[in-house]
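For what it's worth, our numbering labels the leading residue of the sequence shown as 1, then goes sequentially.
Take the hints with a grain of salt, since some may be wrong.
Lysine-lysine pairs mimicking DSS-like chemistry, simulated, CA-CA at most 27 Å apart [said to hold, decoys possible]:
(1) Lys188 to Lys255
(2) Lys138 to Lys106
(3) Lys23 to Lys243
(4) Lys60 to Lys23
(5) Lys106 to Lys34
(6) Lys255 to Lys243
(7) Lys188 to Lys138
(8) Lys60 to Lys26
(9) Lys26 to Lys243
(10) Lys255 to Lys138
(11) Lys255 to Lys106
(12) Lys34 to Lys23
(13) Lys138 to Lys243
(14) Lys26 to Lys138
(15) Lys34 to Lys138
(16) Lys106 to Lys60
(17) Lys34 to Lys60
(18) Lys60 to Lys32
(19) Lys23 to Lys106
What follows is a list of derived Cβ distance ranges for each label pair [said to hold, decoys possible]:
(20) His89 to Thr134: 17 to 23 Å
(21) Lys188 to Thr47: 25 to 31 Å
(22) Tyr210 to Trp129: 17 to 23 Å
(23) Tyr95 to Asp200: 34 to 40 Å
Don't read these hints as lab results, they were simulated from the structure.
Predicted model, so just to flag it, every value in this text is computed and none were measured.
For each residue, glycine too, the CB sits at the ideal point set by N, CA and C.
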Amino acid sequence: MALKVLSAAREVNHGLADQVIEKISKCVQSVKNKDVGILGLAFKPNTNSVAGSSSMRLAKSLIAQGARVRAYDPVALPDARLELNGSVHYCESPYAAAEGVDALVKEGIADPNHLAVGGYSYGAYVTNWLITQTTRFKAAVTGAGAVEHVIDWGNDDTTLDDAYFLGGRPWEANENYNAEAAIWQIDKVTTPTLIAAGEDDIRVYVGEQYLLERALYSRGIPVSLLIFPGEGHSLEKNPWHGKILVREELRWIDKYAAH
1 MALKVLSAAR
11 EVNHGLADQV
21 IEKISKCVQS
31 VKNKDVGILG
41 LAFKPNTNSV
51 AGSSSMRLAK
61 SLIAQGARVR
71 AYDPVALPDA
81 RLELNGSVHY
91 CESPYAAAEG
101 VDALVKEGIA
111 DPNHLAVGGY
121 SYGAYVTNWL
131 ITQTTRFKAA
141 VTGAGAVEHV
151 IDWGNDDTTL
161 DDAYFLGGRP
171 WEANENYNAE
181 AAIWQIDKVT
191 TPTLIAAGED
201 DIRVYVGEQY
211 LLERALYSRG
221 IPVSLLIFPG
231 EGHSLEKNPW
241 HGKILVREEL
251 RWIDKYAAH
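Let's have the full structure, built from the sequences with the hints guiding it.
Set out below in structure tokens:
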């Protein structure tokens, strides 16, 4: 079973590069002569293993299409340099990798004074982390994402992937579990945040949403929590729940980011 899960994960990862480029191209027409930042080049965090990495596939594809790639990976850079043949600008920090990559702002598509950020599931993991790293977003909408990894590992119905990508079980890789947990940096957040989840979510424990809401509320950050009864991770049991979520997300963005 474990090998089947990993095999399926690799198949999905292999298609991610094309999906990312397709989405970028829809927004900016072409990636040629555009600056693109990539955070992480290894297949697994805190290793130098670049074999089978979707980030490496993405970097190669972007370079082939004329993009200027800026990348950061504290461990895998030496091996990445060998494989990418110096065609990438390697950065000393994740913030340096993000410099100059505001393509949507440069194209006049996004207004830098009215930016919002959001995501669901893993997109929510990223959203939860981003609002601890920057104050540029005026509003955030996040659904079914974790803010720490120990309780998430203990309640996830697929704990194999958590342990694999974080380098082990919590007591075997405690530094990774803590270093990549947004909860420890909540004191940096200023972004009004709407949080949503299914009451019976066993993929990302619903308690993660309660934890984020409590943390932001305790700091006086505008926050709202939507818990949908009887729903799991994908909010698929009642079609009205999905409609309600989108309605509330749009209202939240309009309230905090549009004006």
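Enumerated hints in conflict with the structure, sorted upward: none
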